[in-house]
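Protein chains in written order, with the numbering used here: chain A, -15 to 850; chain B, -15 to 850.
The set of hints was computed from the structure by calculation and includes no laboratory data.
It is possible that part of the hints are untrue.
Any copy, or any two copies together, can satisfy a pair, since identical chains are not distinguished.
To be verified - Below, simulated SDA-like cross-link-like pairs (lysine to any residue); rule was C-alpha separation at most 25 Å, straight line:
#1 K469 <-> P623
#2 K764 <-> E684
#3 K563 <-> R755
#4 K792 <-> Q781
#5 K764 <-> D724
#6 K563 <-> E684
#7 K794 <-> Q781
#8 K792 <-> P777
#9 K764 <-> T572
#10 K238 <-> L381
#11 K308 <-> S763
#12 K764 <-> D281
#13 K469 <-> D622
#14 K764 <-> Q781
#15 K308 <-> D346
#16 K238 <-> T522
#17 K152 <-> A426
#18 K469 <-> A625
#19 K308 <-> R696
#20 K331 <-> A793
#21 K308 <-> T115
#22 K3 <-> D466
Number of protein chains: 2
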Amino acid sequence: MGITRVGRAWVYDFADGSKEMRDLLGGKGANVAEMTRILGADRVPAGFTITTEACVAYIEGGQSVPEGMDDEVDAALARLEAATGKTLGDPDDPLLVSVRSGARESMPGMLDTVLNLGLNDDSVDGLAERTGNERFAWDSYRRFVQMFGNVVRNIAGERFEQRIQVAKERHGATLDTDLDIAALTELTADFRDIFETETGEEFPQEPRDQLEQAIRAVFDSWSGDRAIAYRRINRIPDDWGTAVNVQQMVFGNKGATSGSGVAFSRDEVDGSPEPSGDFLVNAQGEDVVSGVRNTQDIADLRDVMPDAHATLMEILRTLEAHYKDMQDTEFTIEEGRLYMLQTRNAKRPAQAAVRFACDVVDEGLLTKAEAIATIDCEKLDALLHPTFDPTVDYAVLAKGVAASPGAAKGEIVFSAAEAVAAAAGGRDVILVRPFTEAEDVAGFYAARGILTAEGGKASHAALVARGMGRPAVTGASALDIDLDKHELRVGETLLREGDRISIEGTTGQVTIDDVPLVEPEMTAYFQRVLAWCDELRTLGIRANADTPEDARKARAFGAGGIGLCRTEHMFMAADRQPKMREMILADTTADRVAALAELLPLQQQDFEQLLEAMDGLPVTIRLLDPPLHEFLPPDEDDPRAHALREVNPMLGTRGCRLAILHPEIYEMQVRAIMRAQCAVTERLGHPPRLEVMVPLIDYERELEIIEELIFRVAREEGVAREHYLVGTMIELPRACFLADTIATHADFFSFGTNDLTQTALGFSRDDIEGRIMAPYIESKIFDRSPFETIDAPGVGQLVRMGAWLGRKAKLELKLGICGEHGGDPDSIDFFHNSGLDYVSCSPFRVPVARVAAAQAAIRRGDDGGW
Amino acid sequence: MGITRVGRAWVYDFADGSKEMRDLLGGKGANVAEMTRILGADRVPAGFTITTEACVAYIEGGQSVPEGMDDEVDAALARLEAATGKTLGDPDDPLLVSVRSGARESMPGMLDTVLNLGLNDDSVDGLAERTGNERFAWDSYRRFVQMFGNVVRNIAGERFEQRIQVAKERHGATLDTDLDIAALTELTADFRDIFETETGEEFPQEPRDQLEQAIRAVFDSWSGDRAIAYRRINRIPDDWGTAVNVQQMVFGNKGATSGSGVAFSRDEVDGSPEPSGDFLVNAQGEDVVSGVRNTQDIADLRDVMPDAHATLMEILRTLEAHYKDMQDTEFTIEEGRLYMLQTRNAKRPAQAAVRFACDVVDEGLLTKAEAIATIDCEKLDALLHPTFDPTVDYAVLAKGVAASPGAAKGEIVFSAAEAVAAAAGGRDVILVRPFTEAEDVAGFYAARGILTAEGGKASHAALVARGMGRPAVTGASALDIDLDKHELRVGETLLREGDRISIEGTTGQVTIDDVPLVEPEMTAYFQRVLAWCDELRTLGIRANADTPEDARKARAFGAGGIGLCRTEHMFMAADRQPKMREMILADTTADRVAALAELLPLQQQDFEQLLEAMDGLPVTIRLLDPPLHEFLPPDEDDPRAHALREVNPMLGTRGCRLAILHPEIYEMQVRAIMRAQCAVTERLGHPPRLEVMVPLIDYERELEIIEELIFRVAREEGVAREHYLVGTMIELPRACFLADTIATHADFFSFGTNDLTQTALGFSRDDIEGRIMAPYIESKIFDRSPFETIDAPGVGQLVRMGAWLGRKAKLELKLGICGEHGGDPDSIDFFHNSGLDYVSCSPFRVPVARVAAAQAAIRRGDDGGW
């Protein structure tokens, strides 16, 4: 039965593949084929790959091998036998093969490798005779039975390891290699007994049967729990499937002139140019990886086997130049001859990635663009925040969402007020809350880090923490927080206020161990890379910054301006809240105007500092956005406060709607802005680059009314029209449809993709993220939160429609986005390809965004855009 | 100074206008011109119109007459003088004119009329001599001074009326007409004194000065408070402006062969074919309208002035045939000769409108389409609900929003529970609440009507009441409700539970008077009109109905099916709430499944009744939509209930999201539906036309998952795929963009424009309507609530995009809308032109929608669509 193949073959010889065929052959199969092509067939053991499509067909057919596959495997096997001059199961000179899984992306958690397949009670003798090495033959057979039983038939590894211990004791051996032929023969028999006991079947003697079982096991491992869990976490689609690679064995365990190892083309930790790696003499690859024996540094290979070393070094350079990236390889030396078994682009930490990029440009190996393309920009965050010292062990108390990168340590506090008080007393604190709200923001500033029991990557805590660059772990659901008792339980552990805790926001870990922190530095390598990115990118990068301190940080990180200053954060400060309350609860417009008059000089002062800090760069100041009730304490019981509360505050009386209802609020803000503009112009001798932004526009007329207010107040304060811009947030679906009319009143648009995502999808971030994300990813409705990476087919098209209509009406309209997506590399790529002028993100994401924007430009040059 | 005219003239002679020039000449000017054209210049007194554009230019120029206008007025005046052979201000034979305002739409609240302009101390003698009627001349002058002072110079009317009373007493007169020449001369002098005292100016003697003042007064009245208020209420744009009509006077007050009157071409109350109206002998038009004197029925004119009567009757028929609509005219008879001063389409109540439509078709005067086009379908609601007896006076206690049409009387109750108890005891009650929530719905069923102190036309109370056809008045802010004390204050009036109250949901009035109600009837005329509409329309009309009772009502009103059955309303019933609570608060899926199993037979029973009631017509059943916490009492304090509460429930865990999280809920509902389908198929002998609808789809994959569930359960219950449809609500902006992918899993789309409006505009109906609508209309951001009439450029375009993409992917896709807009005539027109197949509205709106759909089809035939 099974699925019938359409067109493409189920099986490809290595000689027929290439690295471009990764989707079909898997990463491993494609790379082995590529190596065969560039290094020559005598440097890579021959073999073939059963395609990922065969795996998908097998699963869709209900664990049934697709029609024609068996025949193709037979034919490929025949070709392999012809090429090697050996036959699978030949009792005199058997062909032995390895069987390895290999998906598009490397996937730990799947079936890995079966070596020495083809051995049985007959061919083990032939192998012994042919190689003149009986011990080697029996050691190979013993290993095969063990791996086959463990990997293909799921027999627990310790069942075999116990026997090895027993054998060693019985034969007085300390190392595996001390076991003699008799011991190995005995052990092989024992292993076959284990196999029979556990599976109820005899150990298969027919090599073709062995192969078939191994192939099915690889296919089945794609649907295993561990593999599924891994795919969920790493967002790998279920329908990719895995390929199966069948390759002639070469033997690193043939004595002192043989060995196996792994080698990186450069140092994989710091990126320095010397290749790094480990090897073992007289061993198969599994021994190197398993850590059972102590490996030697690859540099030592020069002394042990100088020819093989020289060849390996040459090959590493060749592969790096060919792949245009640092390589991570596996090799085997069989009786002095080097064979390459695998190569792939090396995963590496950020410091190695930037060092590599610099060096390869200096070496003339890659262009700047090629070098930048090798960097995984998601990892760069680590260069900008302290981290747990990676060399130190610690016990994880709880694990949550990696909500805001960086590590922090401090005493536990359970309220923003305590955080503020403790910080004023010079203590380092971690603010621990079930979840956070607007009134906790002062506590964010005061705390070293934030830890919550609820909420995901787009929760209030996560958003605010990322915006401020505070490390945060959210949704650590194991935390049982009792705010009344001021204590916190995790299982048996009880923690009280003042107890010390450490969080790592890059990994989501929480510990009570005192883990040392490693401080970040903007290395010279990183600075060089960033400078190249600035040359290459066309997308501007601005920062969201609400305070002069944020603004200075943003400049230091290379922001080209402030894309979003949220004036509401200025009202959160302790000295301003009472005045804000008075303003909000004013009975009459006159009372409100009086309260606003007191706030005006404070706002003006903030704006002056901000404009001065960003001298020469544009500063976008957004007028008040949140609903007024957000500025009141939650226990406010004034009936006027009650009247302000809303069923759906996200869709309520906020943004420009406030200004239509109470123009005096925006009037005060605009006056403070314009007075600041005058004062700073006088101090600097030239006007700052001021941009005033109106939030939540739905209707052209709303903006027209507020634009008139801005013009009037600017005139009254003596600021000329050419010394400021007026623009608007585009953050509602209607505004995208009406962008042409709105553009007639705007110098710029800034897409607010947070709110646009909430409205276009009908997803309240506060309510949805904790509940919906996991089941939705599980159900394959989406593969990541639309608040993390922009939903391109929905929200993204709204942005493009808004951009298109806006520029249709006004060709010179400046277009940007501000919001969480502004710091997300995939979203940045989308915005680059949407023709936006800039993105704005939190100061700490600016370097990442600079690299991502450069990569987007490079990619666009490559493939001509979406 | 002033605005310079571009192209068009500021002034047009009546002879040069036509009814097509209404925008420029105003309704009155255009109609007088049209009458001049069709009845001949000798039947309509000559004159000219100053355009609406002149008025707009005058206002924009800061109350400054636009350049060239004065010259054009002089020229038009010269032509008028030439045509009449008289000269304005001629002391021997003066030309007298009337000056009347006239906007595009008739607008009470603006300056109305100044008669006899041109009289002064000299020309009054000339008039007396020419007419040989000194009394008439002085009466005319007296009237002119009075009107000019009152209307042009804003002198309070009672200042003049007092003097008339004094004069009557002094001269022993009982009627105005009893005053002799001496008395009138004296009175005129008194009036001029009043004028001087009030204005500080002499009464203008120069006729050209009189005219200029009158023209300016008309222009200024456009910006008067009353006119502005009227425009707000009636959604008339401020920039239309008003025209000014200057017309030669003819005199109905020249004795027994003269008179004035108003005449309708048919009976304006019941629509019967005999013309109706009133007239007065020896009087000017103002006397007829003012109600000071008792008028005579127009039928009596036949006896008094048979020739004039015959001519009038002929003219009424001519005008009706020409305008293809019932006419409302004003006429004057001067010494036996009939002059027509005004005609316009007659405003008329619904019963007259449908009778007229039937009669004119029978008479061969209009085609069915033309007849239907004469009906104001907004008024038809009155034919479907009881109303306050219009012949009875009553005192209005409070006024609120006309939220759901119809009148109701009953005892006050302050809670849904009391309403249910009282209704069970056979008492009629009005449910009075500050506002209503989901758990009050049982009270809606029990009550005769709903009255709330908060909320607008789209509040919960209004929506639910309209859906059920219960009269409702919402937002009656004068009501001070004390729920604890079970009492209600309006100013000085205190009402307690059990006190009787009456509400009129068509007008928003509340009274404690026992006003008799008039019951509605579906007259034969209305039935005929509806049958024609069904022939003409192409848009299907379905009803939103949740109960078998609603379904039967919907059928009776001519619904072509049920477009929306909200299954959640079935959970509101008292016997189901405890089971629902158990289901919602279940700790485990197994507990939930057990609770659901108890609900299943109850739902099945509901569905059976519904399907049976609608036999032969399609029934769309929507699976559960609201967030679960809506089904819990508000005081529910179970911590699991707390965990369900959301910050923005509108954007939260609801609709199909519930089914992704808890598939067992939809599984139960689908099973109940499919079992009902089987049972009813057996009883009827053929399958009902079942349509299952999934709410709140964002992603194709959501629908795919739920579609699979529906298919599976249907198979399990033995329902064949061809015996039901599966469709989805399209109610989120993202779904409109992705409609092509979603359509691959849907047999039909139903646009949920309520939620689409909330999300596309970012407007929470619950929060926004009360706060935003008034200031937004005031600020000219929109002219009516987007929840009342669809926001065509925003939400409407989303609907069209969804429709287009959906049909692109699946040509045969059925498209409908369900939601408040489905019953709104302007929205129906939009949906018709968007190519939808049907709209679904509350049962009580179905007849209105049938007419509106026919009118949309007719209009589309006329003008080729939008």
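Results of checking the hints against the structure:
1. K469 <-> P623: Between. Shortest inter-copy distance 19 Å satisfies the 25 Å Cα cut-off; intra-copy 30 Å does not.
2. K764 <-> E684: between (39 Å within a copy, 11 Å between copies)
3. K563 <-> R755: between (37 Å within a copy, 24 Å between copies)
4. K792 <-> Q781: Close inside one copy (16 Å) and across copies (18 Å); limit 25 Å.
5. K764 <-> D724: Result: close only across copies, 19 Å inter versus 36 Å intra.
6. K563 <-> E684: This pair counts as neither: shortest intra-copy Cα distance 32 Å, inter-copy 49 Å.
7. K794 <-> Q781: For K794 and Q781, both the intra-copy (19 Å) and inter-copy (22 Å) Cα distances are at most 25 Å.
8. K792 <-> P777: Result: close both inside a copy and across copies, 21 Å intra and 17 Å inter.
9. K764 <-> T572: between (53 Å within a copy, 23 Å between copies)
10. K238 <-> L381: Neither way: K238 and L381 sit 46 Å apart in one copy and 105 Å across, limit 25 Å.
11. K308 <-> S763: neither (37 Å within a copy, 62 Å between copies)
12. K764 <-> D281: Close neither inside one copy (44 Å) nor across copies (78 Å); limit 25 Å.
13. K469 <-> D622: So K469 and D622 pass the 25 Å test across copies only (21 Å; inside, 28 Å).
14. K764 <-> Q781: within (21 Å within a copy, 30 Å between copies)
15. K308 <-> D346: within (14 Å within a copy, 88 Å between copies)
16. K238 <-> T522: Neither way: K238 and T522 sit 57 Å apart in one copy and 86 Å across, limit 25 Å.
17. K152 <-> A426: neither (64 Å within a copy, 81 Å between copies)
18. K469 <-> A625: Classified as between: cross-chain Cα gap 23 Å, same-chain 29 Å, threshold 25 Å.
19. K308 <-> R696: Answer is neither; intra-copy 59 Å and inter-copy 52 Å both fail.
20. K331 <-> A793: Neither way: K331 and A793 sit 47 Å apart in one copy and 43 Å across, limit 25 Å.
21. K308 <-> T115: This pair counts as neither: shortest intra-copy Cα distance 39 Å, inter-copy 110 Å.
22. K3 <-> D466: neither (56 Å within a copy, 78 Å between copies)
The structure does not agree with the numbered hints 6, 10, 11, 12, 16, 17, 19, 20, 21 and 22 stated previously, though it agrees with the rest.
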